[in-house]
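Colleague: So the sequences go chain by chain: D and S. Counting in the working numbering, the first sequence runs from 2 upward without gaps. Counting in the working numbering, the second sequence runs from 1170 upward without gaps.
I should point out that these hints are in silico values taken from the structure, not numbers from a laboratory. Just so you know, nobody snuck in bad clues.
Result set (DSS-like, lysine-lysine): computed pairs, CA atoms no more than 27 angstroms apart in a straight line:
no., chain 1, residue 1, chain 2, residue 2
1, S, 1397, S, 1291
2, S, 1189, D, 121
3, S, 1397, D, 20
4, S, 1451, S, 1253
Estimated spans, in silico, between C-beta atoms of each pair:
no., chain 1, residue 1, chain 2, residue 2, range
5, D, 156, S, 1253, 39 to 45 angstroms
6, D, 93, S, 1267, 36 to 42 angstroms
7, S, 1398, D, 78, 52 to 58 angstroms
To give an idea of the interface, some chain D residues facing chain S are shown, with a C-beta separation under 8 angstroms as derived from the structure:
no., residue
8, 27
9, 41
10, 55
11, 57
12, 58
13, 108
14, 133
15, 146
16, 148
17, 170
18, 174
19, 231
20, 257
21, 290
From a predicted model like this one, the values you see are computed outputs, not experimental measurements. All C-beta atoms in this analysis are idealised placements derived from N, C-alpha and C, irrespective of residue type, glycine included.
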Amino acid sequence: MDTERSTLIEHIMRWFNLKRLIFTIMLTFFLISVLFPFYWMVSSSFKSYAEIGGREAVYIPGALRWDAYRELFDPNSPAFQDFLTNIINTIKVAVPTSLIAVFLSVLGSYAIARLHFRGKNILLNGILLVYLFPGVLLIIPLFAMLARIGDAIGFNIQDNLAVLILTYLAQTLPVALYMLTNYFRTIPDEIEQAALIDGCSRFQVMWRITLPLAVPALVTVGIYTFMIAWNEFLYAMVFLNNHNLFTMPLKISAIYNNPDPRPHVVMAASTIMTIPIVMLFLLMERYLTEGLTAGGVKG
Amino acid sequence: MRTNSKSNLKKQTRGSLARKEAQLAGILITPTILIVFGLVLFPAFFSIWVSFHDVSLGNLNDVFHAPFVGFDNYVRVFNDFAFKFQGVDSWGAAVTSIVYSFASTILTMIIGLIASLLLNQKFRLRGLTRSVFLAPYVAPIVSVAFVWRWILDPRPSGVLNDILMRLGLIDLPKAYLATRGLAILLVIIFQAWRYFPFAMLMILARLQAIDGTLYEAAEVDGANTWQKFLYITIPELRYVLGAIFLLRLIWTFNKFDDIFLLTNGGYGTNVLPVLTYQFSFKLFNFGAGAAAAMILLIVLAIFMALYIGIVMKKIEE
Chain D
2 MDTERSTLIE
12 HIMRWFNLKR
22 LIFTIMLTFF
32 LISVLFPFYW
42 MVSSSFKSYA
52 EIGGREAVYI
62 PGALRWDAYR
72 ELFDPNSPAF
82 QDFLTNIINT
92 IKVAVPTSLI
102 AVFLSVLGSY
112 AIARLHFRGK
122 NILLNGILLV
132 YLFPGVLLII
142 PLFAMLARIG
152 DAIGFNIQDN
162 LAVLILTYLA
172 QTLPVALYML
182 TNYFRTIPDE
192 IEQAALIDGC
202 SRFQVMWRIT
212 LPLAVPALVT
222 VGIYTFMIAW
232 NEFLYAMVFL
242 NNHNLFTMPL
252 KISAIYNNPD
262 PRPHVVMAAS
272 TIMTIPIVML
282 FLLMERYLTE
292 GLTAGGVKG
Chain S
1170 MRTNSKSNLK
1180 KQTRGSLARK
1190 EAQLAGILIT
1200 PTILIVFGLV
1210 LFPAFFSIWV
1220 SFHDVSLGNL
1230 NDVFHAPFVG
1240 FDNYVRVFND
1250 FAFKFQGVDS
1260 WGAAVTSIVY
1270 SFASTILTMI
1280 IGLIASLLLN
1290 QKFRLRGLTR
1300 SVFLAPYVAP
1310 IVSVAFVWRW
1320 ILDPRPSGVL
1330 NDILMRLGLI
1340 DLPKAYLATR
1350 GLAILLVIIF
1360 QAWRYFPFAM
1370 LMILARLQAI
1380 DGTLYEAAEV
1390 DGANTWQKFL
1400 YITIPELRYV
1410 LGAIFLLRLI
1420 WTFNKFDDIF
1430 LLTNGGYGTN
1440 VLPVLTYQFS
1450 FKLFNFGAGA
1460 AAAMILLIVL
1470 AIFMALYIGI
1480 VMKKIEE
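Given the sequences, and given the hints that come with them, work out the whole structure.
Modeller: Here is the structure:
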């Protein structure tokens, strides 16, 4: 018995050296700090109004209450938020942004990576610099400029999702172009040269050879541009006034700033907005992590 | 003669091929250039113009005829109490921006470095842990900003208040984000929490590329863990740390969303991007807004010049 205990202690001692202790403490600290806000977001979304505004914090909701979600989606709820419209608005903006950005950047980056023309490097570096430009710098002239153009041609720049898509393209194209150019450069030129000698045109080469090889990169760029549009806040705030056209970030901000604070509803809406993005990321992680360091998520 | 004409022909076809390629390149890249120039570069220059003119909501639809006012907008910004440094209690946006960007960047890098060193160890579920660590960076800014606000909520049901009161550290609930000094500190901590994964990924990639024999040699020479870290790891990470520093500095300096969502720029957290927004879309003084943006851009240009001069040069080497 005694020897058994001493070997056990010895065993623990051997396993539990100082380095390992520090490592475990640090790792636990990191995991808790990273995960707690997410736990708090999801758990708060299932709390009742009483649990949210009580005299103490409620760490585990008493039951899985769907009050907050009902308020977001159920038209019969007294404080109905019609969040479905906001989800649809966000998709209406994010999907076209992503598709158009991928399409245009495929054309542009193929030209930069494969074709020879003057001013190519200046162009690529210029586009990279654009990516470091602050969004807040551009919003004033863009607003003034588009207001003037809209006035002349006869469309409204505010509450116009197409205008919003256009400004998102300006934000996403540089990074899409940069990422795809780098990818095209890794595909060996010889295959294309062979196809060209066999009589294929450049477009045939692009369509039949380069694009199928670049599918992973296209998916990556598509997801990143989608995420940028999905999360965007400043331009949406400036260009949208009508609550029926609000994207999710604006709506969440509007619910938060409601004079009668309802954090559980904000957390429910945030959960809905976060889950698709995090899931998308986890599923595609292999493709996506590299893009992260290349600045896929700006900021 | 014959060979000569043949080579001429060859040269000609090559010349026309090159021309054709350039034409095709032109067609392919035109839409991108139109959008980037029309919606980024032209506006950027236009905003210089706006900063010297009196543009407000009244003449927005006739903006190109706005009256020229010289440096008035700049004077207006420089004299604004929200911009000016007025002693340690009221930093003003210019000083706050600099302090906030540098402090956030340095803290982000330290946390990122520690996280990457942790993930560089071998342990079970390392891959999963790495994915989990990326969550703050990948999640939408609006969601995480409001979660933080809810955690820091001034009511007793705010979880930080609850924890600190249970521990007996505070007697009454505090309004953390509405307290001067505390607010800027928390915004900086938020930055480190959200953006450390970026630094972590970049550092981790570099760590895994370090030649293991360097450490073996150091061990033979009797170096301890700390010495190995100081004399091998840090020098090997020098360039990547420099790149992260400048990139994060530029991005943090530009950042609007984080502070706007967390504090609305109140309680000593007003930074240049938020000030620009307030001038333009709260006061509708677009000229002053553009002037504030220009001041931001000038500081940014210095950071960018450093980035190009130091980092891009090193990458080329």
